[in-house]
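Taken in order, these protein sequences are the chains called R and C. Quick note, the first sequence lines up with residues 1 to 160 if you use our numbering. Quick note, the second sequence lines up with residues 1 to 549 if you use our numbering.
Everything labelled a hint here was simulated from the structure, so no lab data went into it. Errors might be hidden in some of the hints.
[Claimed, not checked] Straight-line C-alpha distance at most 25 Å; calculated PhoX-like pairs for lysine-lysine: (1) C:Lys-491 to C:Lys-165; (2) R:Lys-152 to C:Lys-275; (3) C:Lys-275 to C:Lys-80; (4) C:Lys-256 to C:Lys-246; (5) R:Lys-152 to R:Lys-126; (6) C:Lys-223 to C:Lys-289; (7) C:Lys-223 to R:Lys-160; (8) C:Lys-28 to R:Lys-126; (9) R:Lys-5 to R:Lys-160; (10) C:Lys-262 to R:Lys-144; (11) C:Lys-80 to C:Lys-395; (12) C:Lys-165 to C:Lys-80; (13) R:Lys-152 to C:Lys-223; (14) C:Lys-246 to C:Lys-223; (15) C:Lys-80 to R:Lys-144; (16) R:Lys-160 to C:Lys-289; (17) R:Lys-144 to C:Lys-223; (18) C:Lys-289 to R:Lys-144; (19) C:Lys-246 to C:Lys-344; (20) C:Lys-246 to C:Lys-262; (21) C:Lys-395 to C:Lys-383; (22) C:Lys-165 to C:Lys-28; (23) R:Lys-67 to R:Lys-5; (24) C:Lys-275 to C:Lys-262; (25) C:Lys-328 to C:Lys-309; (26) C:Lys-20 to C:Lys-165; (27) R:Lys-126 to R:Lys-160; (28) C:Lys-275 to R:Lys-144; (29) C:Lys-289 to C:Lys-328; (30) C:Lys-491 to C:Lys-328.
[Unchecked claim] To be clear about the criterion: a stretch of chain C counts as covered by chain R if any three or more of its residues have a C-beta under 8 Å from a C-beta of chain R, and this derived list gives those stretches: (31) 236 to 250; (32) 413 to 426.
[To be verified] Okay, the calculated beta carbon distance ranges per label pair: (33) R:Gly-7 to C:Arg-287: 52 to 62 Å; (34) R:Pro-58 to C:Glu-24: 46 to 56 Å; (35) C:Gln-392 to R:Glu-133: 57 to 67 Å; (36) C:Lys-328 to R:Gly-7: 50 to 60 Å; (37) C:Lys-328 to R:Thr-142: 52 to 62 Å; (38) R:Gln-129 to C:Asp-276: 33 to 43 Å; (39) R:Gln-8 to C:Pro-295: 47 to 57 Å; (40) C:Thr-210 to R:Thr-142: 37 to 47 Å.
Note that the structure is a prediction, hence the values are computed from the model and not measured. We put the beta carbon where it would ideally sit given N, CA and C, even for glycine.
As a plain string of letters, each chain reads:
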Amino acid sequence: MEIIKDGQIVANDWRHLGDDEALPEQAITISLPRWKNEKDRLLSLGVPLGLRLNSDDPIEEIVDDLKYFSMIVLEFRQFTDGRSFSLARLLRERYGFDGEIRARGDFIRDQVFFLSRVGVNAFEPKGPQNLQEMLPALQEFTVKYQAAADVKEPLYRRRK
Amino acid sequence: MYQYDDYDQTLVNERAAQFKSQTERFLKGELSEDQFRPLRLMNGLYIQRHAPMLRIAVPYGLLSSRQLRMLAHIARTYDKGYGHFTTRQNIQFNWPKLEDVPTILSELATVQMHAIQTSGNCIRNVTSDHLAGVSGDELEDPRPYCEIIRQWSTLHPEFSYLPRKFKIAVNGASNDRAAIRFHDIGLQLVRNDHGEIGFEVLVGGGLGRTPIIGVTIRPFLEKIHLLSYLEAILRVYNRFGRRDNKFKARIKILVKELGKEKFTEMVETEWAAIKDHLLLDLEEIARIKTFFQPPAYETLADDPLLAEKTAQESQFGAWFRHNTHPHKMPGYRVVFLSLKTPGKPPGDLNESQMDAIANLADRYSFGEIRVTHTQNLVLADVKQADLYELWQRLKSLELAAPNIGTASDIICCPGLDFCSLANATSIPIANGIQQIFDNLDYLYDLGDIRINISGCMNGCGHHTVGHIGILGVDKKGEEWYQITLGGSSGKDGALGERLGPSVAKDEICHAVEAIFQTYREQRLEDEAFLETVRRIGIRPFQERVYGDN
Numbered sequence: 001m002e003i004i005k006d007g008q009i010v011a012n013d014w015r016h017l018g019d020d021e022a023l024p025e026q027a028i029t030i031s032l033p034r035w036k037n038e039k040d041r042l043l044s045l046g047v048p049l050g051l052r053l054n055s056d057d058p059i060e061e062i063v064d065d066l067k068y069f070s071m072i073v074l075e076f077r078q079f080t081d082g083r084s085f086s087l088a089r090l091l092r093e094r095y096g097f098d099g100e101i102r103a104r105g106d107f108i109r110d111q112v113f114f115l116s117r118v119g120v121n122a123f124e125p126k127g128p129q130n131l132q133e134m135l136p137a138l139q140e141f142t143v144k145y146q147a148a149a150d151v152k153e154p155l156y157r158r159r160k
Numbered sequence: 001m002y003q004y005d006d007y008d009q010t011l012v013n014e015r016a017a018q019f020k021s022q023t024e025r026f027l028k029g030e031l032s033e034d035q036f037r038p039l040r041l042m043n044g045l046y047i048q049r050h051a052p053m054l055r056i057a058v059p060y061g062l063l064s065s066r067q068l069r070m071l072a073h074i075a076r077t078y079d080k081g082y083g084h085f086t087t088r089q090n091i092q093f094n095w096p097k098l099e100d101v102p103t104i105l106s107e108l109a110t111v112q113m114h115a116i117q118t119s120g121n122c123i124r125n126v127t128s129d130h131l132a133g134v135s136g137d138e139l140e141d142p143r144p145y146c147e148i149i150r151q152w153s154t155l156h157p158e159f160s161y162l163p164r165k166f167k168i169a170v171n172g173a174s175n176d177r178a179a180i181r182f183h184d185i186g187l188q189l190v191r192n193d194h195g196e197i198g199f200e201v202l203v204g205g206g207l208g209r210t211p212i213i214g215v216t217i218r219p220f221l222e223k224i225h226l227l228s229y230l231e232a233i234l235r236v237y238n239r240f241g242r243r244d245n246k247f248k249a250r251i252k253i254l255v256k257e258l259g260k261e262k263f264t265e266m267v268e269t270e271w272a273a274i275k276d277h278l279l280l281d282l283e284e285i286a287r288i289k290t291f292f293q294p295p296a297y298e299t300l301a302d303d304p305l306l307a308e309k310t311a312q313e314s315q316f317g318a319w320f321r322h323n324t325h326p327h328k329m330p331g332y333r334v335v336f337l338s339l340k341t342p343g344k345p346p347g348d349l350n351e352s353q354m355d356a357i358a359n360l361a362d363r364y365s366f367g368e369i370r371v372t373h374t375q376n377l378v379l380a381d382v383k384q385a386d387l388y389e390l391w392q393r394l395k396s397l398e399l400a401a402p403n404i405g406t407a408s409d410i411i412c413c414p415g416l417d418f419c420s421l422a423n424a425t426s427i428p429i430a431n432g433i434q435q436i437f438d439n440l441d442y443l444y445d446l447g448d449i450r451i452n453i454s455g456c457m458n459g460c461g462h463h464t465v466g467h468i469g470i471l472g473v474d475k476k477g478e479e480w481y482q483i484t485l486g487g488s489s490g491k492d493g494a495l496g497e498r499l500g501p502s503v504a505k506d507e508i509c510h511a512v513e514a515i516f517q518t519y520r521e522q523r524l525e526d527e528a529f530l531e532t533v534r535r536i537g538i539r540p541f542q543e544r545v546y547g548d549n
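Chain C with its partners taken away, still in its complex shape (with noise of 0.2 Å):
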C-alpha cells in the first residue's frame, strides 16, 4: 500500500497542527459555532446526539495491521471501545471528547492516517472496489489512480468550499464493486479500440433525497488528462452548481437542470482551456504503481484437502462458501471477515477484535486489512492451506458469522440511536430482520439479497440501491419504515421502487418476511431475488405485505 514520503508526513503533521488550533480558538471564543463548523466538518467533526462523532479516512478502505491498532488504542483510550464502519469505507468513532480531537489526530498522524474531507463541503475519501487487485475480473487495478485523486483532492487550493459534498468513486473491474454509478463522479477503467486502457468518466450519480444514476460524459479519456478532466467538471460545479438551497445543491442536480449535453458542453469547454497545463505524467503513475505491486506470493497449486475439509465440517463449509472469495492466484482466497453477527451493530468492531485481526493480517495477509462498502473487512491474500485455522480464530471473534452477501449481511447507517439527522432507529431494525433467520438453511435459500437500511432520507444506509430499501421516517413522532424494492448499486444500477404506504416499527420484520415468501413462491428455478423481482415487477409483492392487514 501506499507510503507516505516526507511531504505527505508533513502536510499531514500540519494539518493536525492547524486543526489544534482551530479548536482552540473556538474554545476560547475566537472563532464563532458558523465559522468552527465547515473548519470541524472538513476534519470529520460532527457534532451528534451523544457527543461528537469523528469520522477517520481510510482511503479507498485500504490499512495497514500497524493503522488498525491505532485505531484499536483510539477506541480504548477516547471512546468507548468500539468504532463504527462506514458505506464509504471509512470509520468513525461516536464518543470522542472536542478537546481530545486534536491529540487523536497527532496520533493518527504517526500511522499515515488523518480525518482530512471525511465531511464537509469538499471532495471526499476516494472510494474503490475491496477486491482491487486480486480478483479474476479486472482490467487494471483502480488503487494508484485513488492514490493519486487523493493527493490531488488534498487541501485543494480551489474546491475546498464547494456547494456540497463531492465523493469520486473508482473501479478496475468488469463487475462494478464501488457503486460508481451513484458517485458524483464515477470512473471506470475501459479499454479502447486502439487497446489503450484509460478512464469511463461518470457524473452526476447520488443517494440521498433526490437518488440518480449517473451518466456517461466521456466514454474514454486518457490517463495523462485524469487530473485535468476531474479539474474541469469540479470547477464548472464550484462555480454554477445551486448554493442557493442546501437540497439541490449537489452535482447531480447541475447535470439534471442543464441537461447532460449542455453539462457535457461546458466540462469539455473548460477542459479545452486547461488540459495540457495539468498533465499527469506517465512516470508519476508508474512511480504511484510501485506501491500497490502484489505482494510476495508463494507458487502453490490450489489445496486438495479444501474440498474435503468443507464436506466433513459443514459449519466450515458454510463459512467457506459464503465467506470467501476466489483469488486471482492458485492456493489463495479472499476472505471476508463479517461484521454483521446478528444481535451485533452492522459495521461495529470492538477494541480488542481490531487488535486481534491486525494480528491475524500479520499472520495470514501480509498485514493488510480492506473496508467493503458494505461494512465488512477482507483479509485479501490468504492463503488456502491456512482457511480452516483462519475460521476457527475468526469464529472465536464472532467474526464468522456466514452470511456475506445474504440477507442478513444487512447494510445499516447508526440511526437515530447515535445520529442527530435520523427520524427512526435502523440497528434494531437489521437486528429484528437477522433474528428472521433461526435457521441458516432459511437464509441460504434466500439466495444473494442486499437489504439495505437508512435512518432517514439522508440515505447513508444506502437503502434506494438495496434489493429490498428499508427508510425510516417520521409519523408524528413515531418510527415508521418505507420499503422499496429492486434497487442495486452495481453494473445493473437501479433505484428501488416504493412498495406502498410505510410500515409500523412492530410490523417492518413481518412485512420484509412476507417478501422473502412472496420471493420463493414466484421464483423460478435458480432465480435470484433481484431477477424475481425485475420479472414480476413489485405487484405480487405489494399484495402479500399489503394483502395481509
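Pulled out of the complex, with its shape left as it was, chain R reads as follows (with noise of 0.2 Å):
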C-alpha cells in the first residue's frame, strides 16, 4: 500500500494494530485506550510508535506523551467532521510536535490543502484512490490569507 508524505508516493510501511491484535516487532501505530492500558509494554518493545487520534480525543491528556511517537494518525471517520484540523494545528503550533502527522480514513480531496496547512504532511485516504490525482491538490491555491502551521505570519505581513 502506498501514501502520500512530503508531497511524494512512498509505500507505508507502518501498521495500524487493532486493540486486541498481538504486538508484532515492526513499526506500528495504536489507539489512545490501547496505549494507556499498555504504556510500559509498547515502549519496552523498542520499535516506532504511532498513535491514533479520533477528532473527539482529548489531546491535552497525551501532551507529555508525544515525546515517544514519531508520527499522530489523524483518523478521519466523517469528512465534514473538522475537529481534527485543530488538533493538527495545537500538536504543530503548540506542542511543537515535529514527527509525522497523517490523515488518515474517510477525508477528500478537496481537503488535502487545507489540511497541509494546518500541519498534516502525511496522507493515508480510505479505499482505491488514485494517490498521483491526489498529489495536485497539495498546490490547489498559491494565496494564503491566514498564518497557520505552514506559514507562520499572515498575508498582511508578507504582502509587497
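Mind assembling these two chains? They're in different frames, but the hints should get you there.
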C-alpha cells in the first residue's frame, strides 16, 4: 500500500494495530486507549510508535507523551468532521510536534490543501484512491491569507 | 471600497478554477452526492425546488456599479432575468444551470466577486451597517474590520468544516443596524474609559429554530487582538460544538449548554495561548482604512429649496420623509431604493433595474450601491439638489414606493415558491399585507412597523425579530401561519412572543389587520407600535385576533 508523504508517493511502512492484535516487531500505530493501558509494554518493544487520535480525543491529556511517538495519525471517520484540523494545528504550533502527522480515513481530495496548511504532512485516504491525482491538490491555492502551521505570518505581513 | 490586489484576485481565480474541477468530477461521477454537497455549498450552490440556487457574496453589502452591471448580465444570461437580495446582504439567483456555475464564477471573478462561503458549515459573508461611513451616530466605520475579517475567514484552513454555519456582524454606530445580537459573533465598536476604540464581543446569538440573543463575553477587546480572539472563539467552537445533532450544532447551543462563564473561560484560556502570535498590525488597519475614505464630497450647504419642494409635491414629500435619511455631510442625503413595491416579491430586482441603478449610482452617488439586511438598496451619498431628479427616475423604475420602515417594507424569504426547505409560501403573504394599504395615510398612520415573514422555522425571513413576525407552518399539507409580536433586531433586541394558535392562509391578512386596529386603539400619543406592544403586552392583540372567530 502507498501513501502520500511530504509531497511524494511512498510505501507505507507502518502497521495500524487493532486493540486486541498481538504486538509485532515493526513500526506500529495504536489507539489512545491501548496506549493508556499498555504504555510500558509498548515502550519496551523498541519499535517506532505512532498514536492514532480520533477527532474527539482529549489531546491535552497526552501532551507529555508526544515525545514517545514518531507519528500521530488523525483518524477521519467522516470527512465533514473538522475537529482534526484544530488538533493538527495544536500538535504543530502549540505542542511543537515535529514528527509525521498523517490524515487517515474518510477525507477527500478537496481537503488536502487545508490539511497541509494545518500541519498534516502525510495522507492515507480510505479505499482505492488514485494518489497521483490527489498530489496536485497540495498546491491548489497559491494565496494564503492566514498564518497557520505552514506559514508563520498572515498575508498582511507578507504582502508586497 | 476595497480593491483587490494580485493576491486577492489570484485567490478568487484559483477558487473559480477549483470549483470548475469539482463540478466536472461530480458530473463524471468521481465525486458522490454526499462529497459534492459541502463543496458546492461552500460556493453558495443549493439544489432547490426548481433548479440550483446560486448565492453570491456581497461583502458587508457593498457593491460597485460595475459589479451590479455584472449581476445584471448574469441575471440576463444565466437566469430568468432577475435576482433576489437576502437578509444577509447577499444576492441569489434561482435558475442557473449547474453546468453554467463555473462560468458564472469566472465572470464574477473579473469584477472582484465570488460565491465563497455564502453557504455551508463555514464562516459566512460578514455583514454590517448599511449606513456605515455616512451616519451621524457612528463611532467608527466598521467596514475596514469587515474586510479584515473577510480576508482572515476566506478559505480558513482550520475552520472550513465547522459543526454548522457561522455568521459574524460588525456595527460601528450607537444604533444597531447590523443585528449583532443575533449573530454567532457580534462585534460592536466601543470606546473604553481610556478613550481607546475597540470591540465589545458578543457570542451565541442567532435566529432559526432556537432563537437566542447573544451575550457579551468581552466588554472591550483591543483592535490588535481582533483576529486572535476570533480564532480562539472559533477553535473552541470547532472542537467542542455539538456534531451529533444538526439542530443543536450552532455555537449558541454550546454557549447555552456550557453557560456563559464556562464558555468565556475556555475562550480566554485559548486566547491567552495564541494572542501574542497573531497580532493585527495597526499598519494593516491603516492600509485597509485607505479603501474606505469618504468620497470627494463637495462643500455644500443644505438645500434651501428642499422644504419647499417637499411641501409643494406631496408624493415627493412622502418619498423624501420615508425613503431618505440624514447624511453626516451638509447638502447630502442617504437614499433608499425600495425593493418592496407592493405586489412584487420583496427583495427582487430585474436585470434592467440593476443596469439602471448602476447608472444612477454613477451619476448621483460615486458609483457605489449598498444592500440592506432589510432587502432594500441604498445610494449613500446623494446631493440634496439631485433628490428630485433621482426620485423621478426611481419612480419610473418602480423603485420609489415611499414605504421604507413601514408595515409595507416587509422582510420576506423566498418561501415555498422557490425554497425546498419551506413549509409555506411567504411572498404572497407579504403582497397580501401590502394590499391592506390601499391608501398611504393608513400606512403612515401606523408608523414604524417591522413585519418579517419566514416560510419555515429556519427563519431566513427573521420572523422572530419582527415587530410582527409571521412563520409559515405545515398542518396536514396545508399552509398555516404563526404570529409573534414584540420582536426586535436592534439595540433593544428581543424575540417576539407567540400570539396564539396558527392562523389559516386565508385568515392571516385579516389577523394582521386586527393587530393594526388594536394598536391604533391602544396607542398613546406618538407611541410607536413596538412601544405599545411592550407597554400593554400581547393580550389585547390576542383578544382582537382570536375573539373575532
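We went through each hint and held it up to the structure:
no.	hint	in the structure
1	C:Lys-491 to C:Lys-165	holds, 24 Å
2	R:Lys-152 to C:Lys-275	holds, 14 Å
3	C:Lys-275 to C:Lys-80	violated, 49 Å
4	C:Lys-256 to C:Lys-246	holds, 16 Å
5	R:Lys-152 to R:Lys-126	violated, 31 Å
6	C:Lys-223 to C:Lys-289	holds, 13 Å
7	C:Lys-223 to R:Lys-160	holds, 23 Å
8	C:Lys-28 to R:Lys-126	holds, 20 Å
9	R:Lys-5 to R:Lys-160	violated, 31 Å
10	C:Lys-262 to R:Lys-144	violated, 33 Å
11	C:Lys-80 to C:Lys-395	holds, 24 Å
12	C:Lys-165 to C:Lys-80	violated, 29 Å
13	R:Lys-152 to C:Lys-223	holds, 20 Å
14	C:Lys-246 to C:Lys-223	violated, 33 Å
15	C:Lys-80 to R:Lys-144	violated, 36 Å
16	R:Lys-160 to C:Lys-289	holds, 18 Å
17	R:Lys-144 to C:Lys-223	holds, 22 Å
18	C:Lys-289 to R:Lys-144	holds, 21 Å
19	C:Lys-246 to C:Lys-344	violated, 34 Å
20	C:Lys-246 to C:Lys-262	holds, 23 Å
21	C:Lys-395 to C:Lys-383	holds, 18 Å
22	C:Lys-165 to C:Lys-28	violated, 29 Å
23	R:Lys-67 to R:Lys-5	holds, 21 Å
24	C:Lys-275 to C:Lys-262	holds, 19 Å
25	C:Lys-328 to C:Lys-309	holds, 22 Å
26	C:Lys-20 to C:Lys-165	holds, 23 Å
27	R:Lys-126 to R:Lys-160	violated, 41 Å
28	C:Lys-275 to R:Lys-144	holds, 20 Å
29	C:Lys-289 to C:Lys-328	holds, 19 Å
30	C:Lys-491 to C:Lys-328	holds, 21 Å
31	236 to 250	holds (count 3)
32	413 to 426	violated (count 0)
33	R:Gly-7 to C:Arg-287: 52 to 62 Å	violated, 34 Å
34	R:Pro-58 to C:Glu-24: 46 to 56 Å	violated, 41 Å
35	C:Gln-392 to R:Glu-133: 57 to 67 Å	holds, 60 Å
36	C:Lys-328 to R:Gly-7: 50 to 60 Å	holds, 54 Å
37	C:Lys-328 to R:Thr-142: 52 to 62 Å	violated, 41 Å
38	R:Gln-129 to C:Asp-276: 33 to 43 Å	holds, 40 Å
39	R:Gln-8 to C:Pro-295: 47 to 57 Å	holds, 54 Å
40	C:Thr-210 to R:Thr-142: 37 to 47 Å	holds, 41 Å
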